[in-house]
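Protein chains in written order, with our numbering: chain H, 1 to 143; chain F, 144 to 553; chain P, 554 to 1022.
Hints may be right or wrong, so weigh each one.
[Claimed, not checked] Below are the SDA-like pairs computed for lysine to any residue, each with C-alpha atoms no more than 20 Å apart in a straight line:
| no. | chain 1 | residue 1 | chain 2 | residue 2 |
| --- | --- | --- | --- | --- |
| 1 | H | 125 | F | 399 |
| 2 | P | 586 | F | 399 |
| 3 | H | 117 | F | 193 |
| 4 | F | 150 | H | 114 |
| 5 | H | 117 | F | 402 |
| 6 | P | 559 | F | 202 |
| 7 | H | 125 | F | 198 |
| 8 | P | 810 | P | 780 |
| 9 | H | 117 | F | 201 |
| 10 | P | 586 | F | 512 |
| 11 | H | 117 | F | 148 |
| 12 | F | 150 | H | 134 |
| 13 | H | 125 | F | 202 |
| 14 | P | 657 | P | 689 |
| 15 | P | 559 | F | 200 |
| 16 | P | 586 | F | 402 |
| 17 | F | 150 | H | 133 |
Treat the hints as calculated values from the structure; they're not laboratory data.
In case you want the letters, here they are:
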Amino acid sequence: MFDILSVIFKYVFVIIIYLFIFTIIRMIYLDIKTIGSTTGDLKAYLKVLNPLDSIPYKMEDTYVLEDELTVGRSSDNSIVIRDPYVSKHHLKISLDESNYFIEDLKSSNGTMLNGNKLEDVSLLKTGDIIKAGDIELMFIHKG
Amino acid sequence: MGSSISKIPIRLLFIFEILSLSLIFMYRWDNLDFNTFATGIGLILLVYFSNSVLRRISSGDHYIFLIVSMMFSIGLIMIFRISSDLGVKQLLWLLIGIGVFFLSYFTIKKIDVWDKMITLYLGVAYGLFAMTFILGSRLRGAINWVNIGGVSFQPAEVTKIALIFFLAAYYFNLEKYSKNKYSEWIVMGIVYSYIGLLFLQRDLGTALIFFGIYTGLQYIYCSGRRYELANLSLAVLGGTLGYVLFDHVKVRVTTWINPWPYINDKGYQITQSLFAIAEGSYFGTGLGRGNPAFIPLSYNDFIFSSISEEMGVFTGIGIIMLFVLLVYRGFKIALLQNHKFYRIVALGISLMFGLQAFIIIGGAIKVIPLTGLTLPFISYGGSSIVSSFLALGILQGASEKVVKEDEYNE
Amino acid sequence: MNRESKRIITLFISLCAGFILLIGYLSYFQIFKAEAIRDNQYNKRLWIDEEQVLRGSIIDRDGEVLVYSQEKNSQVERIYKYDYLYSHIIGYSTREYGKSGLEKNFNSYLINANRNTAINEVINLINPVGVGNNLELTIQNDLQKKSRELLKGKKGSIIAMDPKTGEILSMISLPDFNVNTLKDNWGEISEDTNSPLINRGIQGLYTPGSTFKMVTALSSLKYHEDENIYNCEGTLEVDGYIFKDFNSTGHGSIGLKEAFSKSCNTYFASLSLELGHDRVKEMAESLFFNRRIPFDLDTSISRFPEREVGKTDVAASGIGQGRIVASPLNMLLITSAIANDGEMMKPYIVQRVISPQGRDVEVFGNEVLGNISSQVDISLMQEMMKDVINNGTGNNARIRNVQVAGKTGTAENASGKNHAWFVGFAPYDDPKVAVVVILEEEGSSGGSSAAPIARDIMIYALNNIKFRR
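Input sequences plus hints: build the corresponding full structure.
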């Protein structure tokens, strides 16, 4: 019994280790792509990390950040996410003296910043990952 | 439930740990004791807490610790399979190591005078060498272990980091030091004095790492062909001299070129390693089904061969790729870091990890002559684990923007 | 990008190159080298595997069991039914002194160690092996016994093979040793100056003497140097060295055919000079001199001088003297190729690997190594070799009602007495068996001592062997 399991598991282990490696490569690749691809005019923008074809509603690949930007389910937001777990007005990103700050608009399911629940207004740094509902956005700022 | 890509690696890591630990428990079913069981649970908790704590407190790089978590999980499971006593001890070392990681991470962040203490780094290095020679004991032909109060450790593991800080402090303050015409020669002299001392201790692997770190940093930061040429000629000269003068160097080269005639004596280690890797084939024999006990130092210098035997060359290649990723992140951290001192430190540490992995894996598979070294984060051993985590903590610290006076930036 | 960033990236790329080298070498190692290393005798894992496996049996071409394993008191025991008869072919398998012969070269079959594929692994898990594969040889046990009887008391080797298929029918090398008492007598056996551990048939290298004239003759036929008539006076002086015929009386005016059947040294020495070193060497190398013969057992390489070092040497080469050495198997292979109308078959000794359930795991044989010469030249060679038996030095190999062809050889040996050679095949019109006999330091001529032995072997083989075709 042990022998059989051990033999089966050895293939599983190789698969897991390689999946691990490739996920990390993919994450790093997304990192570089967002930093490298849109050089030039864009100073600050948000990049959608979910594969666009996996989202059942329409979203852009990147959203340019100006002075202020809101995210939510209702159509008057700058970024519209038609996800039931996203509140009508979910979060806000605003510019203050060349720094961007993020603020949760008392959404029912909350906003995650780098995996932690956002409680207060926070300073955004390049590479930060914002999550609302199922959607993950990466913040990029070229200073 | 949406699964975010950033959670996939840690989940994979957990699946890997749970499956491999259950297999180990089955393997040791007949004499499964509390320690074995606790170690398994300990590993999972350790990985979980350290990763989530780090995520909370560090705004820097999120990858390096994750990559290292995978490495030490593979290593611990292999060590655990070879001997459950060593496995328990290794887990303890990992706990201490991760503690040291957080400690060094905070220290590097909070203290800001690292670039000004060049003499301290010199003193530490020579002090450690002196200690090795006075208190050191000879183990497997090399005098590189010191025993203090029942705990033995390898001072050279710390000296490596002192060397990196020394070089970083020097190149960071290059303008100041280069007022002295001979400064570059003096630095070269100091580095070669380290290498010479390591040669005397017969610690060839570490000597190679010192040389590699110095050559790499010199290539980036020292403008002046003649210094690089001088370094390379010194290396060639030193290598030749070492080959002629020291028998232990000659043995390494002979058994590298063809170990088979010496299969029963000086070629024993390398041939046993090759047998293990050959036996493992692509996917390995399966955990608990191979004979890593035939390999000398199977849980230490030759852990790569043990892993290849039971988990296959594909896992071996996976480990190499993990090191590539770690080194890549280290270099990326250096490129993003705008404080030159921390940039050099990040480069030095990444180089150190990369070189050390290359030298011992290359030695175990006979691509290069075999020199005794541990595989960072994977091999069994207190000094190796603790010093590797110390260096990783520094790297983690360097991955965060250090806001400093802008005068140093370009 | 500034210089610093550029250099950082260059440094990273060179580190990556190092790691790619490691991955590349690991893959290369696993694909090309791992198997040989795994089967190295010093790999302790093999013993672990082997101790759990009942090593396969080895049977002769008619199904007679020669070696088998049995379990006794939960200990695996290897039973060699013949003490001496197969000491060189099958060899031994001991933990202390390693392995030899087929026990060594077919070890992975005998212990069924096909651990490479995933499917095999799963099969092994569900149904633990326990029993290895069996080997079926091309050897015929009775002919093997007969060969040993005929050679008894002498040093040397006899090999018989089927020239049309490459099957080795028997192979004896004396002195040999007792495999069943090997462990007790190891010191004695391994230090014996007569080297009983050496399989003389394939590992012994001897001056081929006149049997090499087959090669010189083939070369002269190829380059049309065969029409010369030469006046043989019994001796020939080349650069101060005198070549003598066996009886030094002289054959008078003589052509290639007669020179071959009478084994005229002066004719072939001068023929070799006319051809030149390179042409003879070219022919010799096409016949596996300076190359390893692919075979189931470990063979030595026959040597023809790489470079010419003077006329005496070239003349000596033509008659198989000087610096040439050949393995008996090599001379047999040349003879067989001539018998088989120029087609050289790969020699083999294991014809089938059979699983414990009786299925064929692998079947060997009928591999062609190449064509050695043109049809016309081969027919002439065959006729010349027939003439050796009918009108020349080989008349002791004559068999009633069966036409034999062959060549004798009496090789001068710097270190002692002459080696006696005979190579030949029969029947002439439909060759079924080819034979080589070498009697080491026998001191008499090939025609008088080796030819009669070869004759008996051929008679026995033709009467007793069930040929496959």
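Hint consistency between residue 150 of chain F and residue 134 of chain H [alpha-carbon to alpha-carbon, up to 20 Å]: Distance ~13 Å between residue 150 of chain F and residue 134 of chain H Cα, so the pair holds.
Proposed proximity, residue 402 of chain F with residue 117 of chain H (alpha carbon, max 20 Å): It is violated: about 59 Å lies between the C-alpha atoms, which goes past 20 Å.
20 Å limit on alpha-carbon distance, applied to hinted pair residue 559 of chain P and residue 202 of chain F: violated (27 Å)
20 Å limit on alpha-carbon distance, applied to hinted pair residue 586 of chain P and residue 402 of chain F: holds (15 Å)
Hinted pair residue 559 of chain P and residue 200 of chain F, Cα distance within 20 Å: Measuring from Cα to Cα gives roughly 32 Å; hence the hint is violated.
Hint consistency between residue 125 of chain H and residue 399 of chain F [alpha-carbon to alpha-carbon, up to 20 Å]: violated (50 Å)
Residue 586 of chain P paired with residue 399 of chain F [C-alpha distance capped at 20 Å]: Answer holds: residue 586 of chain P to residue 399 of chain F is near 16 Å, not above 20 Å.
Pair hint residue 586 of chain P and residue 512 of chain F, alpha-carbon separation not exceeding 20 Å: Between residue 586 of chain P and residue 512 of chain F the Cα gap is close to 18 Å, so the pair holds against 20 Å.
Straight-line alpha-carbon gap residue 150 of chain F to residue 114 of chain H, limit 20 Å: holds (11 Å)
Distance restraint between residue 117 of chain H and residue 193 of chain F, which requires alpha-carbon spacing of 20 Å or less: The hint holds at about 18 Å.
Restraint check for residue 150 of chain F with residue 133 of chain H, where alpha carbons must lie at most 20 Å apart: Holds. Residue 150 of chain F to residue 133 of chain H sits at ~15 Å (cutoff 20 Å).
Proposed proximity, residue 780 of chain P with residue 810 of chain P (alpha carbon, max 20 Å): holds (10 Å)
The earlier numbered hints that this structure contradicts are 1, 5, 6 and 15.
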